[in-house]
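Asks: First to last, the sequence lines map onto chains W and X. Per this note's numbering, residue 20 is the first one in the first sequence, and the count goes up by one each step. Per this note's numbering, residue 4 is the first one in the second sequence, and the count goes up by one each step.
Some hints could be false.
[Stated by the list, open to error] Below 25 Å or equal to it, Euclidean Cα-Cα: the simulated DSS-like pairs (lysine-lysine) are:
{"no.": "1", "chain 1": "W", "residue 1": "Lys200", "chain 2": "X", "residue 2": "Lys52"}
{"no.": "2", "chain 1": "X", "residue 1": "Lys18", "chain 2": "W", "residue 2": "Lys200"}
{"no.": "3", "chain 1": "W", "residue 1": "Lys200", "chain 2": "X", "residue 2": "Lys126"}
{"no.": "4", "chain 1": "X", "residue 1": "Lys60", "chain 2": "X", "residue 2": "Lys18"}
{"no.": "5", "chain 1": "W", "residue 1": "Lys385", "chain 2": "X", "residue 2": "Lys16"}
{"no.": "6", "chain 1": "W", "residue 1": "Lys385", "chain 2": "X", "residue 2": "Lys42"}
{"no.": "7", "chain 1": "X", "residue 1": "Lys16", "chain 2": "W", "residue 2": "Lys200"}
{"no.": "8", "chain 1": "X", "residue 1": "Lys42", "chain 2": "X", "residue 2": "Lys16"}
{"no.": "9", "chain 1": "X", "residue 1": "Lys70", "chain 2": "W", "residue 2": "Lys200"}
{"no.": "10", "chain 1": "X", "residue 1": "Lys42", "chain 2": "W", "residue 2": "Lys60"}
{"no.": "11", "chain 1": "W", "residue 1": "Lys200", "chain 2": "X", "residue 2": "Lys42"}
{"no.": "12", "chain 1": "X", "residue 1": "Lys77", "chain 2": "W", "residue 2": "Lys200"}
{"no.": "13", "chain 1": "W", "residue 1": "Lys234", "chain 2": "W", "residue 2": "Lys246"}
{"no.": "14", "chain 1": "X", "residue 1": "Lys70", "chain 2": "W", "residue 2": "Lys385"}
For the record, the hints were derived by calculation from the structure and aren't laboratory data.
This is what each chain is made of:
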Amino acid sequence: MTEYYVCPGCALLCDDIEVEIEDGKVTKVNSACRKGVARMKGCSDPMECTVDDEKTDVDAAITKAADILREAKDPLIFGHGNSSSQAQQLSIDIAKRTGAYLDDTSSFCQGPIIEAILQDKLKTCTLDDIRHKADVIVFWGADPSNSHPRHLSRYSYFPRGNERQRGWEEDRTAIAIDIRKSDTAEICGQSNFYRIPMAADAEFMEALVSALSGKVPKTSFDFDKKKILQLANVLKKAKFGVICVGLGLVYSLDELEPLFILMDKLNEVSSFHLLPMVGQYNMRGFNQNLFDKTGYINRVKFDGEDNSVKHGADFSVIESLRNRSVDAALIIGSDPLSSLPLSVARYLAEIPLITIDPCRNLTATKSTVTIPCALSGVEAGGTAMRMDGVEVELKKVIDTDNLTDEEILRRIKEAI
Amino acid sequence: MGFGQFLSSPEIKLKVVTFRDVFQNTAQESSRFGEDYCKLSAVIKLDPKDIVKLSIKEGETVIVKNKSGKVVVKAEGSESEESHTGIAYMVNSPWSNALVPDETGGSGVPSFKDFEVSVQGAKGERITSLRDIF
Ligand code: SF4
Chain W
20 MTEYYVCPGC
30 ALLCDDIEVE
40 IEDGKVTKVN
50 SACRKGVARM
60 KGCSDPMECT
70 VDDEKTDVDA
80 AITKAADILR
90 EAKDPLIFGH
100 GNSSSQAQQL
110 SIDIAKRTGA
120 YLDDTSSFCQ
130 GPIIEAILQD
140 KLKTCTLDDI
150 RHKADVIVFW
160 GADPSNSHPR
170 HLSRYSYFPR
180 GNERQRGWEE
190 DRTAIAIDIR
200 KSDTAEICGQ
210 SNFYRIPMAA
220 DAEFMEALVS
230 ALSGKVPKTS
240 FDFDKKKILQ
250 LANVLKKAKF
260 GVICVGLGLV
270 YSLDELEPLF
280 ILMDKLNEVS
290 SFHLLPMVGQ
300 YNMRGFNQNL
310 FDKTGYINRV
320 KFDGEDNSVK
330 HGADFSVIES
340 LRNRSVDAAL
350 IIGSDPLSSL
360 PLSVARYLAE
370 IPLITIDPCR
380 NLTATKSTVT
390 IPCALSGVEA
400 GGTAMRMDGV
410 EVELKKVIDT
420 DNLTDEEILR
430 RIKEAI
Chain X
4 MGFGQFLSSP
14 EIKLKVVTFR
24 DVFQNTAQES
34 SRFGEDYCKL
44 SAVIKLDPKD
54 IVKLSIKEGE
64 TVIVKNKSGK
74 VVVKAEGSES
84 EESHTGIAYM
94 VNSPWSNALV
104 PDETGGSGVP
114 SFKDFEVSVQ
124 GAKGERITSL
134 RDIF
């Protein structure tokens with residue numbers, strides 16, 4: 020029987036992946052997209068185990084990492100999007116024990132949307148619901164053709180679902196709302212593409228709400244009123260609608276109120292769901308795990324003594340670094356020196372840094388301690404959460420000499 | 004080679020919008036320090052009219068800078084049929100992040116997808132490498 024694996028390349032966690040293995044290495048990956056293939060084959064730049072730029076063994080590196088965290092007054096623990104839930108739980112434990120700032124990428128991407136979903140402020144659905152039922156799919160500030168390459172083929176547009184037997188040709192309408200004509204907008208077609216000016220998403224939402232209420236949709240940028248009314252008509256007729264929220268939309272909204280109002284209106288006139296287009300494979304898992312333990316999804320600071328939790332923008336990775344309130348950092352499965360604004364990243368590079376990752380990255384080049392770990396989802400199993408909140412069990416494909424990040428964190432925790 | 008010699012080339016102000024690209028992302032999975040990742044990241048996509056304003060040709064290098072940082076990247080024409088003068092596209096990468104202002108207005112979220120830069124032709128200048136960024 021064919022064995023199917025799960026791809027950890029993005030938060031779609033495609034579970035239909037076949038692999039070929041030779042000499043203990045993944046040589047071929049079938050049915051994944053090119054990004055998934057690259058992830059599952061592993062990088063060509065493996066991380067080395069080092070302390071102060073000198074190669075060392077993992078025991079010495081773990082001891083040094085524990086020393087740094089113990090001595091720090093306000094350490095930061097960041098990353099988690101590419102780790103299993105088991106490893107994330109240990110991260111939370113270490114943060115509690117060391118009175119650390121604890122955050123993840125959601126802090127500067129999908130955080131507000133996930134938070135609203137977990138607080139039941141937005142109606143959501145699963146990817147399987149979308150495959151089987153969705154007839155109107157709106158990609159808003161989202162370009163899955165590049166960020167989640169199999170989104171349209173496995174779930175949102177092309178498949179024959181239980182109630183969508185005629186697929187995209189007759190049974191589904193895909194709409195793109197964006198500031199640029201993305202590859203996804205190209206697939207939606209010119210008549211289903213709504214190009215709006217930069218930072219105009221909230222205003223476009225308001226106009227759409229007017230149109231859905233039978234009023235004339237006015238915008239300060241003179242968007243063709245007929246086209247907005249047309250869109251409102253399509254949305255009204257939806258039996259099972261979904262808005263896939265991308266970073267373009269998240270970044271353009273100062274607050275979520277306009278989105279709440281639009282979703283309320285859409286659910287008055289038809290039935291609409293919202294799907295956060297989460298990037299890293301287990302970012303949502305981290306948000307859920309932290310939420311279960313503290314009531315917050317990210318941006319927390321534990322108080323070492325009484326274990327109280329503070330939460331808010333001041334405890335976000337960006338502000339804590341900008342304000343220089345942290346004095347050491349543990350980075351797991353992430354490369355903040357690449358992904359943060361340079362001026363913020365510069366400060367991070369000045370403090371004692373510990374990086375745990377299968378691959379060498381920019382952050383590793385500035386780290387006091389680097390510890391290679393097994394590639395999650397390929398060299399190690401564990402639990403993860405898809406972008407839609409469904410739990411998925413990752414299966415180990417091949418063996419490695421490297422410890423898993425879970426094991427490394429467990430040993431750091433013990434050593435502290 | 005210093006930047007001084009380019010002082011006479013016209014400099015224009017643009018807004019940058021960042022985006023994701025699966026090819027660049029795939030290169031990142033293989034190696035962040037690889038040539039492919041740099042080649043696919045250190046690029047700015049310009050509207051044809053802005054290319055004319057800069058008096059450069061497609062494929063030449065340009066200096067992109069603002070208060071936050073400065074990088075030398077390759078200028079390409081964008082494939083978009085619709086005009087987007089005044090707006091340039093960059094793939095999300097350490098090169099674009101070098102230009103993202105760190106102010107967040109207290110929100111903790113920088114403007115990763117919408118920031119201002121000035122662009123100036125710098126034909127023949129070496130493209131900023133990942134290591135040069137730091
Ligand atoms: S879409 Fe995402 S999960 Fe699916 S194969 Fe591609 S990278 Fe992997």
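Asks: Holds or violated: Lys70/X with Lys385/W, Cα cutoff 25 Å?
Replies: 24 Å, holds
Asks: Sort out whether Lys200/W lies within 25 Å of Lys18/X, counting only the CA atoms.
Replies: 17 Å, holds
Asks: Check the hint pairing Lys200/W with Lys126/X against an upper bound of 25 Å on the C-alpha distance.
Replies: The given pair, whose Cα atoms are some 29 Å apart, is violated under the 25 Å limit.
Asks: Would you mind confirming whether the straight-line C-alpha gap from Lys42/X to Lys60/W stays at or under 25 Å?
Replies: 21 Å, holds
Asks: Between Lys16/X and Lys200/W, does the CA-CA distance stay at or below 25 Å?
Replies: The given pair, whose Cα atoms are some 22 Å apart, holds under the 25 Å limit.
Asks: Hinted pair, alpha-carbon criterion (25 Å max): Lys234/W, Lys246/W. Please report holds or violated.
Replies: Between Lys234/W and Lys246/W the Cα gap is close to 14 Å, so the pair holds against 25 Å.
Asks: Taking only the CA atoms, is the gap from Lys200/W to Lys42/X under or equal to 25 Å?
Replies: Holds, at about 23 Å.
Asks: Quickly compare the C-alpha distance for Lys200/W and Lys52/X to 25 Å and report which way the hint goes.
Replies: 18 Å, holds
Asks: Is it true that the CA of Lys70/X sits at most 25 Å from the CA of Lys200/W?
Replies: 29 Å, violated
Asks: Within a Cα-Cα threshold of 25 Å, do Lys60/X and Lys18/X meet the stated pairing?
Replies: 20 Å, holds
Asks: Could you grab the alpha-carbon distance between Lys385/W and Lys16/X and see if it respects the 25 Å cut-off?
Replies: Given pair Lys385/W, Lys16/X is violated - Cα atoms ~33 Å apart, limit 25 Å.
Asks: For the pair we were handed, Lys42/X and Lys16/X, check the Cα-Cα distance against 25 Å.
Replies: With Cα atoms ~24 Å apart, Lys42/X and Lys16/X stay inside 25 Å; holds.
Of the numbered hints listed earlier, those contradicted by the structure are 3, 5 and 9.
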